[in-house]
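> Spelled out from the first residue to the last, the chains are:
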Amino acid sequence: MDFLEFVDHEKAKLALILNLIEPKCGGLLLIGPKGTGKSTLLKAFKSIVKAFHVPFIELPLNATEEALLGGIDIEKSVKDGKKIFQRGIISRANNGFLVIEDINLFPLQLLSLVFEAQSRSEIVIEREGFALRELSSFQILATMNSEEGELSSHFLDRFGLCVAMNTIIDKDLREDIIKVNIRRDSKNISQEELIQKIRKSKEIIKSVKVSDYVQNLISEQILKEAVESHRADIFLYHTSRAYAAFLSEGTVREQHIKDMIPFVTFHRKRYILPQEEREQNERHEDKSGENKEENFENSKRNENRGKSHESSNFSTDNIESQEFQTFKRQEVFSIGQAFKVKRFFFKRDRIKRQKSGSRTKTKTKGRGGRYIRSIFSKTPEIALDATLRAAAPFQKIRGRKDRVVILEEDLRYKEKERKMGLNVIFLVDGSGSMGVRQRMIEVKGAILSLLIDSYHKRDRVAMIVFRKDKAETVLPLTSSVELAMKRLREIPTGGKTPLTKGLFEAFKFIRRLKLKEPHARFLLFILTDGKANVSISGKPIFEEIKMVCNFLRQLTLTDIVVIDTEKKTNIIKMDLALRLARMLNSDYVLMDELKTDSITKLVNLYKNSQESGHININ
Amino acid sequence: MQIINYYINRQNEGGALLIFPFTAIVNQEEMKLSLILNVIDPSIGGVLIMGEKGTAKSTTVRALADLLPEMDTVNCRFNCAPQGPFCTDCLEKIQKGENLEIINKKMRVVELPLGITEDRVVGSLDIEEAIKKGEKRFSPGILAEANRNFLYVDEVNLLEDHIVDLLLDSAAMGINVVEREGVSFVHPARFILVGTMNPEEGELRPQLLDRFGLCVEVYSIKDKLLRVEILRRKAEYDRDPRSFIEKWLPEQRQLAQKIMRAKETLKKIEIDDDIISKIVDITAELNLDGHRADIVMLKAAKAHAALNERDRITTEDIRKVAPLCLRHRLKRLPFEDISQESERLKEVLSRI
Numbered sequence: 260m261d262f263l264e265f266v267d268h269e270k271a272k273l274a275l276i277l278n279l280i281e282p283k284c285g286g287l288l289l290i291g292p293k294g295t296g297k298s299t300l301l302k303a304f305k306s307i308v309k310a311f312h313v314p315f316i317e318l319p320l321n322a323t324e325e326a327l328l329g330g331i332d333i334e335k336s337v338k339d340g341k342k343i344f345q346r347g348i349i350s351r352a353n354n355g356f357l358v359i360e361d362i363n364l365f366p367l368q369l370l371s372l373v374f375e376a377q378s379r380s381e382i383v384i385e386r387e388g389f390a391l392r393e394l395s396s397f398q399i400l401a402t403m404n405s406e407e408g409e410l411s412s413h414f415l416d417r418f419g420l421c422v423a424m425n426t427i428i429d430k431d432l433r434e435d436i437i438k439v440n441i442r443r444d445s446k447n448i449s450q451e452e453l454i455q456k457i458r459k460s461k462e463i464i465k466s467v468k469v470s471d472y473v474q475n476l477i478s479e480q481i482l483k484e485a486v487e488s489h490r491a492d493i494f495l496y497h498t499s500r501a502y503a504a505f506l507s508e509g510t511v512r513e514q515h516i517k518d519m520i521p522f523v524t525f526h527r528k529r530y531i532l533p534q535e536e537r538e539q540n541e542r543h544e545d546k547s548g549e550n551k552e553e554n555f556e557n558s559k560r561n562e563n564r565g566k567s568h569e570s571s572n573f574s575t576d577n578i579e580s581q582e583f584q585t586f587k588r589q590e591v592f593s594i595g596q597a598f599k600v601k602r603f604f605f606k607r608d609r610i611k612r613q614k615s616g617s618r619t620k621t622k623t624k625g626r627g628g629r630y631i632r633s634i635f636s637k638t639p640e641i642a643l644d645a646t647l648r649a650a651a652p653f654q655k656i657r658g659r660k661d662r663v664v665i666l667e668e669d670l671r672y673k674e675k676e677r678k679m680g681l682n683v684i685f686l687v688d689g690s691g692s693m694g695v696r697q698r699m700i701e702v703k704g705a706i707l708s709l710l711i712d713s714y715h716k717r718d719r720v721a722m723i724v725f726r727k728d729k730a731e732t733v734l735p736l737t738s739s740v741e742l743a744m745k746r747l748r749e750i751p752t753g754g755k756t757p758l759t760k761g762l763f764e765a766f767k768f769i770r771r772l773k774l775k776e777p778h779a780r781f782l783l784f785i786l787t788d789g790k791a792n793v794s795i796s797g798k799p800i801f802e803e804i805k806m807v808c809n810f811l812r813q814l815t816l817t818d819i820v821v822i823d824t825e826k827k828t829n830i831i832k833m834d835l836a837l838r839l840a841r842m843l844n845s846d847y848v849l850m851d852e853l854k855t856d857s858i859t860k861l862v863n864l865y866k867n868s869q870e871s872g873h874i875n876i877n
Numbered sequence: 259m260q261i262i263n264y265y266i267n268r269q270n271e272g273g274a275l276l277i278f279p280f281t282a283i284v285n286q287e288e289m290k291l292s293l294i295l296n297v298i299d300p301s302i303g304g305v306l307i308m309g310e311k312g313t314a315k316s317t318t319v320r321a322l323a324d325l326l327p328e329m330d331t332v333n334c335r336f337n338c339a340p341q342g343p344f345c346t347d348c349l350e351k352i353q354k355g356e357n358l359e360i361i362n363k364k365m366r367v368v369e370l371p372l373g374i375t376e377d378r379v380v381g382s383l384d385i386e387e388a389i390k391k392g393e394k395r396f397s398p399g400i401l402a403e404a405n406r407n408f409l410y411v412d413e414v415n416l417l418e419d420h421i422v423d424l425l426l427d428s429a430a431m432g433i434n435v436v437e438r439e440g441v442s443f444v445h446p447a448r449f450i451l452v453g454t455m456n457p458e459e460g461e462l463r464p465q466l467l468d469r470f471g472l473c474v475e476v477y478s479i480k481d482k483l484l485r486v487e488i489l490r491r492k493a494e495y496d497r498d499p500r501s502f503i504e505k506w507l508p509e510q511r512q513l514a515q516k517i518m519r520a521k522e523t524l525k526k527i528e529i530d531d532d533i534i535s536k537i538v539d540i541t542a543e544l545n546l547d548g549h550r551a552d553i554v555m556l557k558a559a560k561a562h563a564a565l566n567e568r569d570r571i572t573t574e575d576i577r578k579v580a581p582l583c584l585r586h587r588l589k590r591l592p593f594e595d596i597s598q599e600s601e602r603l604k605e606v607l608s609r610i
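Taken in sequence, the protein lines are chains P and C.
Heads up: the first sequence begins at 260 in our numbering, then just goes up one per residue.
Heads up: the second sequence begins at 259 in our numbering, then just goes up one per residue.
Since the hints were derived computationally from the structure, they do not count as laboratory data.
Model, not experiment: these values are computed from the prediction.
Treat the hints loosely; a few may be bogus.
[Stated by the list, open to error] Below, computed lysine-lysine pairings styled on BS3-like, alpha-carbon distance capped at 27 Å:
id, chain 1, residue 1, chain 2, residue 2
1, P, K745, C, K604
2, C, K390, P, K335
3, P, K798, P, K775
4, P, K745, C, K390
5, C, K390, P, K517
6, P, K335, P, K293
7, P, K335, C, K604
8, C, K390, P, K468
9, C, K390, P, K283
10, C, K480, P, K468
11, P, K528, C, K482
12, P, K637, C, K505
13, P, K283, C, K394
14, C, K390, P, K655
15, P, K465, C, K505
16, C, K290, C, K351
17, P, K483, C, K391
18, P, K483, C, K480
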């Protein structure tokens, strides 16, 4: 498909063109859901890039570190008895574009290497008896579908520009998106003409001027957008120059800066609103429900509760009233103490292990992971460097002529290791239907204890809260105490109980991560009283929940524990969480018998029940 | 050892990467100071730089290369100090009664890339030598290169555990002992560890944290004028790096000379008992474990005095360096805000 035929994505097209004009624009990240033509656009762009003899190299998802950075050419090395180097993908992308599709699905390890090489404009290889440095400069063109996972802000910051591609673009909105309209041009210019125009721009840009006033404006605008990274200023500077050049103008004007701001700030803004703002928003949302809620009276409580106990089909209103005092207002609770003085003795037999072999043991075959050292015992992969080293001293004796003589006794194998931490996910009921306060404090405490405990940065923790009408990932999977502190400090609670949404969110969350790390293990804690009262499909709630539970049960390498938060001392208990646990075929624990530190203990119990820590893949 | 300079499509001739000048980095004084103190006295033990993205962490460390002084070293593959300790090669020479050749070498910033393998950290058998001559010769790794130099690890918190173990091991012993593939080799491995990290990306192991002499936190600059200045300089550099470097050369020289003078002054500085007791007061008051904090603080204060061309340490020196030395050593309870601790530090410092 022709690049110019892409009518709807003016911003993306412009960003690509600017990157071609000025490599210092720093690459482009295209964010958008499936089917918005991200990949097709990049492919179309390739034909333009070709005209400039600029490399356009794609990074495949299964690329190994060797393939990325370069490594030893095994065939030649064995033949010649010398280490022969083979260029890597990054090296081939030098002075051109490195294309990373679905960048959020790539292993972090690999991405760190890519960005490391980019930031130092040099590839440094120190591996397998090889030391090599190579100058390298490249721009990254990447796509991501944000539904499939996040990219850390740290990585996002490395991209010069970012454009969101949407399926439906508001017509009016589109018009003021950008002043220059390539589409208008595209009606009367051909691809060849566009190439000419870019060529001309590449000339013009050398003399494009930026006045002091405009430079001031750049920093001022970036600060105004509440973007902190200094990279934003620098990328805005270069992008505006490229833009001016593309418009055949010799100086950067205020308007150019204004047009370019969204490109550099979109991915650098903080999307998590400061607490106050967030609360304001939520308060606003809440208004409709509030009046109704106030009508509930204490006296109605028991009556309602009895009713709901009898009916298997949960209506939405009656359960809400049960703890009317908590859900009427938004409450934000502090983070609980990590190490309680009071030691709760965790009774192991409390956990009902109903499962029979539904868990798959970690299969450690495969070629992934990281080469740690060479060993004698046989594994699927030969460690060439070590084998050569073992054979090397004997070459004279063995009468080497034109090739290295390798005997069986020389063979060494790769011992590989993959980081196999446990991913602990807390799915927490944040609704107003229960004594939320204590639970939130304790969960937060447990999360932080876990993180502080796992100083080997193996374990990671995430937290999803469901309340009102949505489930929200409050804490993305992290091993950072710092980040957890920041994100957990204030979690609003109160509202209805969309349990289905929560379960489904957890399912999606785990499945997403499984794409990235198929061997990762998960431990899902579901903290709820099970009193679901929001249906997503209109079907009876527990039917709906049952469906989602079936999904969850099919997840491999995932343990689920339901922690029942219902107060069992109440006269009437509903044990709905127990019902949930049965549907999930999961373990079941009572919150009352668990205190903060024992959640941590519980996690450790699961950890130790399988191989923990590092797992050999071979 | 072969380092293949495999430069393709080079933009800069000359073989070296162009580096943004240290002196042209705007603000971030704490980070710059802590690096300079380490150049003046390498035994301070390095710096950990913690900060958000886009705050010139890496740029600053890499820029340090320009300012590093020359040092006397044995002409061997391991930068042995003339007074020892020595590597296996040098020891053999000494045993044979040969003289060690002493040369002048510039200190370097050696980088440890994230994807490094174990054999390249510690070194291994030189394959080519072995194949051609049938000799077992040791091919040095990064630890050898880093001896008496700066060892820089970008995103140190993302480093693989088994590599961290190797680093800790040799950092503790000061030597690298290699026993692999039939080669036995020992060489000194004393390096100044410099690491950068973004705490939001993950924690650092406590043992490794303690290895860093100093610790600084960097933030992005919110002041508009400073921000404009940063952009101005960076834009100027991007336009024509060579002229920019040229333009900053006098400043660079001046700072380099200042550091050289400080290195000389350092030798003359006497330490009063009064200063020592003040330092111990601080660490005792803050309940710090171990004595590393005291020692580092004394050394850093001394280097700071030398930098300011004084031959004795003042309370002001201590005040200035104490946060650098103690930031990562303050016992932080899990839910205690960091600001509380720094308040306490401030309060303690104001009393000395």
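> Given the hint that K290 (chain C) pairs with K351 (chain C), does the C-alpha gap stay at or below 27 Å?
violated, 40 Å
> Straight-line Cα separation of K390 (chain C) and K335 (chain P) no greater than 27 Å?
holds, 17 Å
> Are K745 (chain P) and K604 (chain C) close enough, with their CA atoms no more than 27 Å apart?
Status holds; Cα separation ~24 Å.
> Would the pair K283 (chain P) and K394 (chain C) pass a check requiring their Cα atoms to be no farther apart than 27 Å?
violated, 48 Å
> Is the straight-line distance between the alpha-carbon of K480 (chain C) and that of K468 (chain P) 27 Å or less?
Given pair K480 (chain C), K468 (chain P) holds - Cα atoms ~26 Å apart, limit 27 Å.
> Need the status of pair K390 (chain C), K517 (chain P): alpha-carbon distance at most 27 Å?
Distance ~64 Å between K390 (chain C) and K517 (chain P) Cα, so the pair is violated.
> Run the distance test for K390 (chain C) versus K655 (chain P): straight-line Cα separation, threshold 27 Å.
Holds, at roughly 8 Å.
> Keeping to a limit of 27 Å between CA atoms, is the pair of K465 (chain P) and K505 (chain C) held or broken?
It holds: about 21 Å lies between the C-alpha atoms, which stays within 27 Å.
> With the threshold set at 27 Å, check whether the alpha-carbon distance from K483 (chain P) to K391 (chain C) stays at or below it.
violated, 67 Å
> Given the hinted pair K335 (chain P) and K604 (chain C), is their Cα-Cα distance within 27 Å?
Roughly 63 Å separates the two Cα atoms, so the pair is violated.
> Take a quick look at whether K528 (chain P) and K482 (chain C) sit within 27 Å of each other, Cα to Cα.
holds, 18 Å
> Take a quick look at whether K745 (chain P) and K390 (chain C) sit within 27 Å of each other, Cα to Cα.
Outside the cut-off at roughly 59 Å; violated.
Of the numbered hints listed earlier, those contradicted by the structure are 3, 4, 5, 6, 7, 8, 9, 12, 13, 16 and 17.
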